[in-house]
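Visitor: Using the sequences and the accompanying hints, generate a full structural model.
The residues making up each chain are set out below.
Number of protein chains: 2
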Amino acid sequence: MSDSKQSVAHGTFPHYVWGVIDSHLQTDFPDIRNRSTIHSHYGTCMVIPREGDRVRLYIQLANVEKDDSNERMDRSKITPKMLMDSARQIFSPYKLNWPDVEWWTIYIVSQRYASYFADENERIFIAGDACHTHSPKAGQGMNASMNDTHNLAWKLAMVIKGLAYPSILKTYEFERRNYAKQLIEFDRTFAKLFADKPVQSTDEVGVTHEEFRSVLQMFNGFTSGLAVMYEPSLITGRVSENQSLAEGLPIGKSLMSQVVVRHVDARPFHMHDQMPTDLRFRVLIFAGDCLLPAQLAKIEEAAKALQALAKRYTPPSGNYDDVIDFITVSSNPHAEYEKESLPSFLWQNKWKLFCDEVAIDGSGGNAYRRYKIDKTNGAIAVIRPDGYVAQVTHVSALGVKEIDDYFANILVPYT
Amino acid sequence: MSDSKQSVAHGTFPHYVWGVIDSHLQTDFPDIRNRSTIHSHYGTCMVIPREGDRVRLYIQLANVEKDDSNERMDRSKITPKMLMDSARQIFSPYKLNWPDVEWWTIYIVSQRYASYFADENERIFIAGDACHTHSPKAGQGMNASMNDTHNLAWKLAMVIKGLAYPSILKTYEFERRNYAKQLIEFDRTFAKLFADKPVQSTDEVGVTHEEFRSVLQMFNGFTSGLAVMYEPSLITGRVSENQSLAEGLPIGKSLMSQVVVRHVDARPFHMHDQMPTDLRFRVLIFAGDCLLPAQLAKIEEAAKALQALAKRYTPPSGNYDDVIDFITVSSNPHAEYEKESLPSFLWQNKWKLFCDEVAIDGSGGNAYRRYKIDKTNGAIAVIRPDGYVAQVTHVSALGVKEIDDYFANILVPYT
Numbered sequence: 001m002s003d004s005k006q007s008v009a010h011g012t013f014p015h016y017v018w019g020v021i022d023s024h025l026q027t028d029f030p031d032i033r034n035r036s037t038i039h040s041h042y043g044t045c046m047v048i049p050r051e052g053d054r055v056r057l058y059i060q061l062a063n064v065e066k067d068d069s070n071e072r073m074d075r076s077k078i079t080p081k082m083l084m085d086s087a088r089q090i091f092s093p094y095k096l097n098w099p100d101v102e103w104w105t106i107y108i109v110s111q112r113y114a115s116y117f118a119d120e121n122e123r124i125f126i127a128g129d130a131c132h133t134h135s136p137k138a139g140q141g142m143n144a145s146m147n148d149t150h151n152l153a154w155k156l157a158m159v160i161k162g163l164a165y166p167s168i169l170k171t172y173e174f175e176r177r178n179y180a181k182q183l184i185e186f187d188r189t190f191a192k193l194f195a196d197k198p199v200q201s202t203d204e205v206g207v208t209h210e211e212f213r214s215v216l217q218m219f220n221g222f223t224s225g226l227a228v229m230y231e232p233s234l235i236t237g238r239v240s241e242n243q244s245l246a247e248g249l250p251i252g253k254s255l256m257s258q259v260v261v262r263h264v265d266a267r268p269f270h271m272h273d274q275m276p277t278d279l280r281f282r283v284l285i286f287a288g289d290c291l292l293p294a295q296l297a298k299i300e301e302a303a304k305a306l307q308a309l310a311k312r313y314t315p316p317s318g319n320y321d322d323v324i325d326f327i328t329v330s331s332n333p334h335a336e337y338e339k340e341s342l343p344s345f346l347w348q349n350k351w352k353l354f355c356d357e358v359a360i361d362g363s364g365g366n367a368y369r370r371y372k373i374d375k376t377n378g379a380i381a382v383i384r385p386d387g388y389v390a391q392v393t394h395v396s397a398l399g400v401k402e403i404d405d406y407f408a409n410i411l412v413p414y415t
Numbered sequence: 001m002s003d004s005k006q007s008v009a010h011g012t013f014p015h016y017v018w019g020v021i022d023s024h025l026q027t028d029f030p031d032i033r034n035r036s037t038i039h040s041h042y043g044t045c046m047v048i049p050r051e052g053d054r055v056r057l058y059i060q061l062a063n064v065e066k067d068d069s070n071e072r073m074d075r076s077k078i079t080p081k082m083l084m085d086s087a088r089q090i091f092s093p094y095k096l097n098w099p100d101v102e103w104w105t106i107y108i109v110s111q112r113y114a115s116y117f118a119d120e121n122e123r124i125f126i127a128g129d130a131c132h133t134h135s136p137k138a139g140q141g142m143n144a145s146m147n148d149t150h151n152l153a154w155k156l157a158m159v160i161k162g163l164a165y166p167s168i169l170k171t172y173e174f175e176r177r178n179y180a181k182q183l184i185e186f187d188r189t190f191a192k193l194f195a196d197k198p199v200q201s202t203d204e205v206g207v208t209h210e211e212f213r214s215v216l217q218m219f220n221g222f223t224s225g226l227a228v229m230y231e232p233s234l235i236t237g238r239v240s241e242n243q244s245l246a247e248g249l250p251i252g253k254s255l256m257s258q259v260v261v262r263h264v265d266a267r268p269f270h271m272h273d274q275m276p277t278d279l280r281f282r283v284l285i286f287a288g289d290c291l292l293p294a295q296l297a298k299i300e301e302a303a304k305a306l307q308a309l310a311k312r313y314t315p316p317s318g319n320y321d322d323v324i325d326f327i328t329v330s331s332n333p334h335a336e337y338e339k340e341s342l343p344s345f346l347w348q349n350k351w352k353l354f355c356d357e358v359a360i361d362g363s364g365g366n367a368y369r370r371y372k373i374d375k376t377n378g379a380i381a382v383i384r385p386d387g388y389v390a391q392v393t394h395v396s397a398l399g400v401k402e403i404d405d406y407f408a409n410i411l412v413p414y415t
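Top to bottom, those sequences are chains G and S. UniProt numbering numbers the first residue of the first sequence as 1 and each following residue consecutively. UniProt numbering numbers the first residue of the second sequence as 1 and each following residue consecutively.
Quick caveat, the hints were computed from the structure, so don't treat them as lab data. Only a predicted model underlies this, so the values are computations on that prediction, with no experimental measurement involved. C-beta: ideal position from N, C-alpha, C; glycine also. Among these hints, one or two may not hold up.
What the hints assert, rightly or not - Some, not all, of what chain G presents toward chain S, calculated at C-beta under 10 Å: (1) P30; (2) D31; (3) I32; (4) D53; (5) R262; (6) V264; (7) D265; (8) A266; (9) K401.
To be verified - Once the Cα atoms are required to be at most 25 Å apart in a straight line, the calculated PhoX-like pairs of lysine-lysine come out as: (10) K95(G) / K350(S); (11) K181(G) / K253(G); (12) K161(S) / K311(S); (13) K401(S) / K375(S); (14) K95(G) / K352(S); (15) K350(G) / K375(G); (16) K192(S) / K170(S); (17) K339(S) / K304(S); (18) K339(S) / K95(G); (19) K181(S) / K170(S); (20) K350(G) / K95(S); (21) K253(S) / K181(S); (22) K401(S) / K253(S); (23) K339(G) / K95(S); (24) K352(S) / K401(S); (25) K311(G) / K352(G); (26) K352(G) / K95(S).
Guide: Structure below.
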């Protein structure tokens, strides 16, 4: 960290203490094999069914001495017996019995994030626990940290390989610090919710069952990582009127996978399985209705412009898709057309042409509908190497011009 | 082989010769990435798409010298060039080009099976190529051989472990020789079909496209192994009026898997994944509607009888399901009842209670319908360790009596 830029922690000191026990718990609680949360007058407990007969309990400790000052809590005061006693109160009238304790620990919830995630020259970066700490309840310690380092890694790799300009490194702190801030704000709401007493109606001071449920459901977005939405930057387009071409591909959010059918052999594939994390940007050409001459003309001009784009960023000795991968999805089923009726740029790699249709196993057929793309006119989307939607545009030469402009600020041209 | 019992071959000597080439074939044939069969005036060719860009062609050689005598064909006369020339004629007007030949071979189709698969004392057994040879077209050489040895292995293992009576060994030859005979008879029909010329109408001498297709579809049963149906024996019940309790579980055929939902955690599972090949017989209790008092009474008497059955064959130190595994599937969804409302024998292992309902991912909910089991009255099925349906009966003490009788001839009791 440079002297001129100190990374200091923003946030609160311990207020919430959680105990965790892994065991082959014996109980008559009927939902013990389901992910469930018990919100009681004696505190809150989360049930995480694990492999085999194992169960993890997250138990909120209501009666531990806390300290509003900056002093650390005394962990040595807490014993597994205290965790079990709390859990028994929370589960009552159901019985709990621990034949073993495989592992246990105490989490002291500090909700803090650092001022900076990088020095001003983008030479030193911090990630994970070094720049944010928060509640362990949804396993976001590990998940947020992996996403930090993934976000950083692909940018560093592309810069080091000379494929991208160093300016993309600035987006690391911009994206991940914002996310840490959002996560911690949400975690605070969530932690308070768990600490509040359950009540029967909104007239009382506390949390009703309905309020509790609704916040838990919002929390699923953070748990799954799908709530992340990156703000506009060098690498993420601004949400413009183009977004209406594919409202199901929100700019700044992770692409949701759909099953599409490969033209050459009619086999169904999840789009995510066609998009490995391999440092390549991806251009998804939802070609629309390629049997309509007017649309085919647009597809042809777009393909010509994309071919020029591919050439610009590809080493002369390389393959056309070494830096940017191109995947085409027609709205027509595979039996309606031969691939040769499309511009060869779109099927020179025959594994890259797909169709939005129901496959023999009943999967697929929902891509255009879920992405809210018009089946006649289609749309083109640019996907970042980490799977986030960067841009949405028209199937036309003008549409590809916008993609040209996007890459001009990011990728180093060869020609 | 004992002197008194010679195993001799039944069948024909070479009449059909097939060539096989694996390569990165280049072609403008549009269906090259699909499993397809080309039946032409120049012969027949099968296309097997393989991993990556590889393609396997099975090419029928029309012009090879054949010999109706018992003499072997001269393989040295055949070259890859001959295979390629034949394939080019068959594919015309599409073009074929071989940039490489990864592997090639010639198959001479001998359709033969042995008189005996075992000596008269059941001490020596033969399996696989030792007792049947036939066309390689559907890969049944390997598949039939694996099924031979699997059929033999579980019987041998149960006898050697002292779990089953040696008399079950007689069913090996009975079951697998019949199958080999059926397969070879079908293969003969199939081989002739391939050799016959394509014609436009049934008035001409030859095979129409429709006839060709329909036999190909029948052949899928042999390819997938699902056409196997074992005749009644010590280990496979006779088809009686009980079959009407579950027409979708044909006695003598392999159980088709359905997705069912586990009661304890509402997760969907394929039944096959709950039935590993682990030397255990399985009793599937399709309990019917367990919310109806009259049906629940039948479930209770059946469970009591099954518990006695389990005890009879289980070592005193063992688990109740060491020799026979019990899996229960209610027609009621999991949310409609607590497992404690059923006899504890059916849920003492909580992972073994399932429900016929649609799971959160949309799978499941078809088990009773596909097995054609009444949702009120249910049915009990006995499944052999190799997954074949052995018996179907009523949910009642009398029904379980039939299961008792079945096992009395097979399993060695402990008590």
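Visitor: Each hint should be assessed against the structure and marked as holding or not.
Guide: These are the hints, each one checked on the structure:
1. P30: This interface hint holds because 6 Å falls under the 10 Å limit.
2. D31: holds (9 Å)
3. I32: holds (8 Å)
4. D53: holds (9 Å)
5. R262: Cβ of R262(G) sits 8 Å from chain S, so the hint holds.
6. V264: Where the cut-off is 10 Å and the nearest Cβ of chain S is about 4 Å from V264(G), the hint holds.
7. D265: The hint holds - D265(G) has a Cβ within 10 Å of chain S, the shortest such distance being about 4 Å.
8. A266: Nearest chain S Cβ about 7 Å off; hint holds.
9. K401: Status violated, d = 34 Å.
10. K95(G) / K350(S): The hint holds at about 17 Å.
11. K181(G) / K253(G): holds (17 Å)
12. K161(S) / K311(S): holds (18 Å)
13. K401(S) / K375(S): holds (22 Å)
14. K95(G) / K352(S): This hinted pair holds, its Cα atoms lying about 23 Å apart.
15. K350(G) / K375(G): Holds, because 22 Å separates the two Cα atoms, which is no more than 25 Å.
16. K192(S) / K170(S): Not OK: K192(S) and K170(S) at ~34 Å, beyond 25 Å, violated.
17. K339(S) / K304(S): holds (16 Å)
18. K339(S) / K95(G): holds (17 Å)
19. K181(S) / K170(S): OK: K181(S) and K170(S) at ~17 Å, within 25 Å.
20. K350(G) / K95(S): Given that 25 Å is the threshold and the Cα spacing comes to 18 Å, the pair holds.
21. K253(S) / K181(S): Between K253(S) and K181(S) the Cα gap is close to 17 Å, so the pair holds against 25 Å.
22. K401(S) / K253(S): holds (23 Å)
23. K339(G) / K95(S): Holds, at roughly 17 Å.
24. K352(S) / K401(S): Satisfied, since the Cα-Cα distance of roughly 22 Å is no more than 25 Å.
25. K311(G) / K352(G): holds (18 Å)
26. K352(G) / K95(S): It holds: about 23 Å lies between the C-alpha atoms, which stays within 25 Å.
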